[in-house]
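Q: When you get a sec, could you build the whole thing from the sequences and use the hints?
The working numbering numbers the first residue of the sequence shown as 1 and each following residue consecutively.
Worth double-checking, as some hints may not be accurate.
Unchecked claim - No farther apart than 30 Å at their CA atoms in a straight line, the calculated lysine-lysine pairs in the BS3-like style are these:
1) K111 <-> K37
2) K111 <-> K94
3) K41 <-> K88
4) K89 <-> K37
5) K41 <-> K108
6) K41 <-> K4
7) K111 <-> K41
8) K117 <-> K89
9) K41 <-> K117
10) K40 <-> K88
11) K37 <-> K108
12) K40 <-> K91
13) K41 <-> K94
14) K108 <-> K88
15) K4 <-> K37
16) K88 <-> K4
17) K108 <-> K4
18) K91 <-> K41
19) K40 <-> K4
20) K41 <-> K89
21) K117 <-> K91
22) K111 <-> K40
23) K94 <-> K4
Unchecked claim - Quick list of simulated restraints, FRET-style, between CB atoms:
24) Y72 <-> A11: 48 to 56 Å
25) P54 <-> D110: 29 to 37 Å
26) F102 <-> S49: 12 to 20 Å
27) D110 <-> S69: 23 to 31 Å
Bear in mind the hints are in silico, worked out from the structure with no lab data behind them. In this text, all values refer to a predicted model and were calculated from it rather than measured experimentally. Backbone N, C-alpha and C fix where the C-beta goes; we use that ideal spot for every residue, glycine too.
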Amino acid sequence: MPAKTFIFLSALIISGCSNKPREVTASVPLVSFSQDKPNKKEIPLQYWSRLADPLERQIQHNRYQIQLSELYLSALGLQCRELIFTDKKNKIEKRIACEIPFVNENNKQDKAWFIEKQIIESSGYVEL
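A: Following this line, the structure appears as C-alpha cells:
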C-alpha cells in the first residue's frame, strides 16, 4: 500500500472518531403523563390491596377466575401487572392493570387501579 494512501486512510479514520455525534432532541414525547383522572375503567376499591401485594397470585370473582402476574414498573414508572381472566366457559382474556396517580376533584393527590384498554385486536396472522 503506498504511503499516501495509508496516511489518507489513517487521517480519515482519526477524523471520523474525533467528532461527537450530533445532539438530537425529541419534539414529540414517546409517552406522556397526565395528572387528570384517567378515562379508563377503574377497578373496585376492594381489589386494590390484593393487586398491590406482590405475593398475591389469584383473585376470586363471581364471574371470573383472575390470575395475577408479577408486578412490574411501566415505562411511565407506574406499578402494573397482567390480569388473566378465565370465565365459566373457560374463555381467557388478558388485560393490564396499573396503579395511576392523579389529582382528584378536590385538587388532592390521589391514586387508583385502572384496567388499560386492550391494544391487540387479534393475535392471528394475516394471510398474504
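Q: Are the hints correct? Go through all of them and say.
A: Here's how the hints hold up against the structure:
1. K111 <-> K37: holds, 9 Å
2. K111 <-> K94: holds, 23 Å
3. K41 <-> K88: The given pair, whose Cα atoms are some 22 Å apart, holds under the 30 Å limit.
4. K89 <-> K37: Outside the cut-off at roughly 34 Å; violated.
5. K41 <-> K108: Answer holds: K41 to K108 is near 20 Å, not above 30 Å.
6. K41 <-> K4: violated, 71 Å
7. K111 <-> K41: Between K111 and K41 the Cα gap is close to 13 Å, so the pair holds against 30 Å.
8. K117 <-> K89: Given that 30 Å is the threshold and the Cα spacing comes to 23 Å, the pair holds.
9. K41 <-> K117: holds, 8 Å
10. K40 <-> K88: OK: K40 and K88 at ~25 Å, within 30 Å.
11. K37 <-> K108: Satisfied, since the Cα-Cα distance of roughly 11 Å is no more than 30 Å.
12. K40 <-> K91: Between K40 and K91 the Cα gap is close to 23 Å, so the pair holds against 30 Å.
13. K41 <-> K94: Holds - the C-alpha atoms of K94 and K41 are around 15 Å apart, at most 30 Å.
14. K108 <-> K88: violated, 40 Å
15. K4 <-> K37: Status violated; Cα separation ~68 Å.
16. K88 <-> K4: Not OK: K88 and K4 at ~80 Å, beyond 30 Å, violated.
17. K108 <-> K4: violated, 72 Å
18. K91 <-> K41: holds, 21 Å
19. K40 <-> K4: violated, 68 Å
20. K41 <-> K89: holds, 24 Å
21. K117 <-> K91: With a Cα-Cα distance of about 18 Å, the restraint between K117 and K91 holds, given a limit of 30 Å.
22. K111 <-> K40: Holds. K111 to K40 sits at ~13 Å (cutoff 30 Å).
23. K94 <-> K4: violated, 65 Å
24. Y72 <-> A11: 48 to 56 Å: Holds - the Cβ-Cβ distance for Y72 and A11, about 50 Å, lies within 48 to 56 Å.
25. P54 <-> D110: 29 to 37 Å: violated, 22 Å
26. F102 <-> S49: 12 to 20 Å: Cβ of F102 to Cβ of S49: about 19 Å, so the range 12 to 20 Å holds.
27. D110 <-> S69: 23 to 31 Å: holds, 25 Å
Hints 4, 6, 14, 15, 16, 17, 19, 23 and 25, counting from the list given before, are not met by this structure.
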